[in-house]
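Chemist: Okay, here's what each chain looks like letter by letter:
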Amino acid sequence: MGGVTMPSGKKPKLAVWKFASCDGCQLTLLDCEDELLALAEAVEIAYFPEASRAVVKGPYDISLVEGSITTPHDAERIHAVRRMSKCLVTIGACATAGGIQALRNFKDVKEFVSVVYATPAYIEVLAKSTPIADHVFVDYELRGCPISKVQLIELLGALLCGRKPNIPTYSVCIECKRRGIVCLTVAKDMPCLGPVTQAGCGAVCPGLDRGCYGCFGPKETPNTNSMSTIWATLGVSRADLTRAFRGFNAYAEPFRRESTAHEQK
Amino acid sequence: MSKSDRLRTIKVEYLARVEGEGGLFIRIKGASVAEVKLHIFEPPRFFEAFMRGRRFDEAPDITARICGICPVAYQMSAAHAMEAACGVALPAQLRALRRLMYCGEWIESHALHVFLLHAPDFLGYQDAIQMAGRHRDLVQCGLRLKKLGNRLVALLGGREIHPVNVRVGGFYRVPAKAELQQIAGELERAQHEAVMATRALAKLKFPDFEQDYEFVALRHPDEYPLTEGRLVSNKGLDIPIEAFFDHFAEEQVPYSTALHCVRKGRGNYLVGPLARFNLNFDRLSRGAQKLAQDIGLVPPVRNPFKSILARMIELVYAFEEALKLISEYEPPAAPCVPVSPRAGLGHGCTEAPRGILYHRYRIDEHGIIEDAKIVPPTAQNQRTIENDLRAFVAARLRLTDEKLTWLCEQAVRNYDPCISCSTHALRVRITRE
Numbered sequence: 001m002g003g004v005t006m007p008s009g010k011k012p013k014l015a016v017w018k019f020a021s022c023d024g025c026q027l028t029l030l031d032c033e034d035e036l037l038a039l040a041e042a043v044e045i046a047y048f049p050e051a052s053r054a055v056v057k058g059p060y061d062i063s064l065v066e067g068s069i070t071t072p073h074d075a076e077r078i079h080a081v082r083r084m085s086k087c088l089v090t091i092g093a094c095a096t097a098g099g100i101q102a103l104r105n106f107k108d109v110k111e112f113v114s115v116v117y118a119t120p121a122y123i124e125v126l127a128k129s130t131p132i133a134d135h136v137f138v139d140y141e142l143r144g145c146p147i148s149k150v151q152l153i154e155l156l157g158a159l160l161c162g163r164k165p166n167i168p169t170y171s172v173c174i175e176c177k178r179r180g181i182v183c184l185t186v187a188k189d190m191p192c193l194g195p196v197t198q199a200g201c202g203a204v205c206p207g208l209d210r211g212c213y214g215c216f217g218p219k220e221t222p223n224t225n226s227m228s229t230i231w232a233t234l235g236v237s238r239a240d241l242t243r244a245f246r247g248f249n250a251y252a253e254p255f256r257r258e259s260t261a262h263e264q265k
Numbered sequence: 001m002s003k004s005d006r007l008r009t010i011k012v013e014y015l016a017r018v019e020g021e022g023g024l025f026i027r028i029k030g031a032s033v034a035e036v037k038l039h040i041f042e043p044p045r046f047f048e049a050f051m052r053g054r055r056f057d058e059a060p061d062i063t064a065r066i067c068g069i070c071p072v073a074y075q076m077s078a079a080h081a082m083e084a085a086c087g088v089a090l091p092a093q094l095r096a097l098r099r100l101m102y103c104g105e106w107i108e109s110h111a112l113h114v115f116l117l118h119a120p121d122f123l124g125y126q127d128a129i130q131m132a133g134r135h136r137d138l139v140q141c142g143l144r145l146k147k148l149g150n151r152l153v154a155l156l157g158g159r160e161i162h163p164v165n166v167r168v169g170g171f172y173r174v175p176a177k178a179e180l181q182q183i184a185g186e187l188e189r190a191q192h193e194a195v196m197a198t199r200a201l202a203k204l205k206f207p208d209f210e211q212d213y214e215f216v217a218l219r220h221p222d223e224y225p226l227t228e229g230r231l232v233s234n235k236g237l238d239i240p241i242e243a244f245f246d247h248f249a250e251e252q253v254p255y256s257t258a259l260h261c262v263r264k265g266r267g268n269y270l271v272g273p274l275a276r277f278n279l280n281f282d283r284l285s286r287g288a289q290k291l292a293q294d295i296g297l298v299p300p301v302r303n304p305f306k307s308i309l310a311r312m313i314e315l316v317y318a319f320e321e322a323l324k325l326i327s328e329y330e331p332p333a334a335p336c337v338p339v340s341p342r343a344g345l346g347h348g349c350t351e352a353p354r355g356i357l358y359h360r361y362r363i364d365e366h367g368i369i370e371d372a373k374i375v376p377p378t379a380q381n382q383r384t385i386e387n388d389l390r391a392f393v394a395a396r397l398r399l400t401d402e403k404l405t406w407l408c409e410q411a412v413r414n415y416d417p418c419i420s421c422s423t424h425a426l427r428v429r430i431t432r433e
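If you're matching them up, the sequences are chains B and Z in order.
Number 189 in the numbering used here belongs to position 189 of the first sequence; there are no gaps in the numbering.
Number 304 in the numbering used here belongs to position 304 of the second sequence; there are no gaps in the numbering.
Please keep in mind that the hints were generated in silico from the structure rather than gathered at the bench.
One or more hints might be untrue.
Reference excerpt, derived from the structure (chain B facing chain Z, CB under 7 Å, subset only) [unchecked claim]: (1) G24; (2) D31; (3) A40; (4) T70; (5) N105; (6) P146; (7) R163; (8) V204; (9) D209.
Beta carbons: idealized from backbone N, C-alpha and C, even for Gly.
With these hints in hand, go ahead and build the complete structure from the sequences.
Modeler: Right, here's the structure in full:
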C-alpha cells in the first residue's frame with residue numbers, strides 16, 4: 001500500500017465508482033466546496049459520472065469506491081475496477097461493511113424482493129450485500145455513513161504527497177473527551193455505542209445529546225460484549241440490543257456477532 | 001432499405017450528472033420514435049422490506065440512507081408519518097425549525113443541481129470543473145450557495161449528509177437564538193447573490209419545447225409547500241395525503257428497478273420545482289414573485305428546460321424563508337414532545353427538492369413497523385421523462401446522434417433525477433431504424 005507517486009508534471013487520475021449506495025459518500029467530494037476547484041487542479045478527475053459526462057480512460061491512480069456488492073453483475077465489475085486502479089480506497093459504510101442493505105443478509109432475500117416488487121422475476125440480486133474487501137484487495141478505507149469530509153481531504157492529501165493517511169482507529173469516546181462532552185452513559189444513563197465505534201465523525205451525536213448509533217462501524221478490538229452488559233443494566237431489551245448493532249454497519253464482523261448473540265428466535 | 005425505414009439507436013449507457021445509476025435507450029424507426037426507455041439499473045436495496053420489524057423511531061435515520069442528496073426530506077416524511085400514526089402534533093416552534101432545516105436542504109440540493117449539474121449542459125461543458133475555466137464566477141457562486149445550504153442543515157442537523165438531530169417528536173437538541181442569528185448575515189448576502197445569478201441564468205438559451213403536463217404538488221393554506229399540505233394538481237386533484245393510494249398506483253416495468261408511479265385513470269404526471277411553482281406561485285414571497293415576473297417566468301410554465309429557473313426562484317425563496325424563520329425564532333421549552341407508540345397507520349408527505357416524497361407506515365402497539373411504503377419523487381417522474389423524450393426527439397430527428405444524445409441527457413436532467421431514491425437512474429441510448 002503506498003501513495004501515488006507521479007512522474008513530474010503529470011497529474012494523478014482520480015476515478016469515483018458507485019455500487020449499491022445512496023450517493024452520499026461521493027457527494028461528500030462535491031461538498032468540499034472550499035477545496036473542490038483546488039483539488040481539480042491537483043488531480044485529473046478522470047471518471048466521476050455523478051459530476052461529469054467526460055470519461056478519461058483508465059488505468060486510474062486513485063479509485064474511490066462507494067457502495068456494496070449486491071448483484072452478480074457488480075460482483076464482476078468490481079474486479080474490473082480493481083484491475084484499472086493503482087490505489088483503491090473504499091468510502092463509507094456500504095463499501096466497508098455492506099451498508100444498511102446488508103440487513104437482508106440476516107433474512108431470506110426472495111421474501112424481500114416480493115415485498116417490494118410485484119414481478120420478482122425481473123429483479124436479479126445476490127443473497128447477501130457484501131463489502132468491497134470481500135471481493136478484491138483494498139488499499140485504504142474510509143468509514144462512516146456518510147464519510148467525513150475532513151478524513152476524505154486528509155486521505156487525498158496524504159496520497160498526493162506520498163505519506164500514510166492519518167485515520168485513527170480508536171473510539172468515539174476519545175472525540176467526546178477532546179470536545180469536553182460529558183459522557184452520556186455515565187452522567188445521564190443514556191445508551192451510547194461510542195465505546196465500540198470508530199472515531200471520525202467528531203462525536204456528532206453525543207454533541208447533540210444523543211447516544212452514538214455506530215455509523216462509523218466497529219473500532220479496532222471493540223469489547224461489544226461488555227458494552228451490551230452495561231446497556232442491559234440501563235434497561236435495554238435484547239431485541240433493542242440486536243437492533244442497535246444491526247444498523248448501517250450490521251455486517252461488520254464484531255457488530256454482526258454481537259447482534260446475533262442477542263437475537264431471540 | 002429506403003431512408004424512411006432506417007433504424008437509428010441513441011443510447012446513453014450511463015447517464016452522467018445525476019444521482020444514481022441509469023441509462024437511456026431510444027429507438028428511432030424512419031421518421032418516428034419507436035421506443036423510449038429510461039433504464040434504471042441501480043441495484044435494489046429493499047428498504048420497505050427490512051423496515052419491517054424495526055422500531056417506529058428508527059424510521060427517520062434508516063430511510064435517510066435511501067438518498068444522500070435529500071436525507072432531510074426522508075427524515076421529515078418519516079417523522080411526520082410516525083407522528084401522525086401516534087397522534088402527536090408538533091408545537092409551532094419545532095415545526096418552524098423543521099421548515100428551516102428543510103430550507104437548508106433545498107438550498108444545498110438546488111444549488112448543486114443548477115450550478116454543478118445542469119448549467120454545464122446549457123453552456124456546452126462536460127462538467128462544472130470544465131465550465132469553471134471560462135465561468136469561474138458562476139461555479140464559485142454555486143459552490144458558495146451550496147455551502148451555505150449545507151451549513152444550515154449542519155447547524156440544525158449536526159452534519160450535512162444524514163443529519164443526526166431529527167427525531168420523531170422533534171429534535172434531540174434545539175439551537176439557541178444566537179446560534180441561528182450568527183448565520184443570518186451570510187444568508188442575506190447569499191440571497192442577494194442568488195437573485196443576481198437568477199437574472200444571469202434567465203439569459204440562457206432554452207430549447208423550444210412545451211408539454212401539457214399534469215402538475216402535482218402539495219398546497220398549504222398560507223405557505224409555499226415544504227412539510228405539509230393537501231395534494232393538488234392543475235387537472236382537478238385535491239386530496240388529503242392519506243388518500244394518496246386511492247389516486248396513485250405503482251407499476252413495475254421489466255427494464256427498471258424503480259417502480260413507475262401513475263395517477264390512476266390518467267397516467268403520467270410531473271412533480272418537483274416546476275409543479276410547485278405553477279401550483280403555488282401565489283404562496284411565494286413578494287420578492288420571489290417579482291423576480292420571477294422580471295425574468296418572464298409566469299405560471300403556467302410548461303417548458304421543462306425552464307425548471308432550472310424555477311429552481312432558482314425556489315432557491316431565492318428558501319433564503320428569504322430561512323431569514324424570516326430565524327428572525328421569528330424563539331427556542332421552544334423542550335427539544336421534542338414525547339411520543340408513545342400506538343397501533344395504527346401514519347402518512348407523511350413532504351416536498352423533497354425533486355418533488356413530493358410520500359411515506360406510509362403501519363405500526364403495532366409496541367411501535368414495531370409492520371408495513372412500510374415509500375414513493376420517491378423520481379419514481380413519479382419516470383414516465384413523464386419518457387414522454388418528454390418521445391415528443392422531444394420526434395421533433396429533432398435531423399440532428400446528429402451526438403447532438404441529439406446530449407440534448408436528451410439534458411432533457412432528463414431537467415428533472416434532477418435521483419436514481420438512488422427511485423430505486424430505493426441514467427445511461428442514454430438512441431437507436432435509429
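Chemist: Decide, hint by hint, whether the structure agrees.
Modeler: Status of each hint after checking the structure:
Interface hint at G24 of chain B: satisfied, since its Cβ lies 2 Å from the closest Cβ of chain Z, which is below the 7 Å cut-off. Interface restraint check: D31 of chain B against chain Z, minimum CB-CB distance 6 Å, threshold 7 Å, status holds. Interface restraint check: A40 of chain B against chain Z, minimum CB-CB distance 5 Å, threshold 7 Å, status holds. A least Cβ separation of about 5 Å between T70 of chain B and chain Z falls short of the 7 Å threshold, and the interface hint therefore holds.
The closest approach between the C-beta of N105 of chain B and any C-beta of chain Z is roughly 10 Å, which is over the 7 Å cut-off, so the hint fails. The interface hint given for P146 of chain B holds, since its Cβ lies 4 Å from the closest Cβ of chain Z, which is under the 7 Å cut-off. Below 7 Å, beta-carbon pairs count as interface contacts, and R163 of chain B has none with chain Z, the closest being about 26 Å; its hint is therefore violated. Interface hint status for V204 of chain B: upheld, as the beta-carbon distance to the closest one in chain Z is roughly 5 Å, under 7 Å.
Taking 7 Å as the C-beta contact cut-off toward chain Z, the hint placing D209 of chain B at the interface holds, the least distance being around 5 Å.
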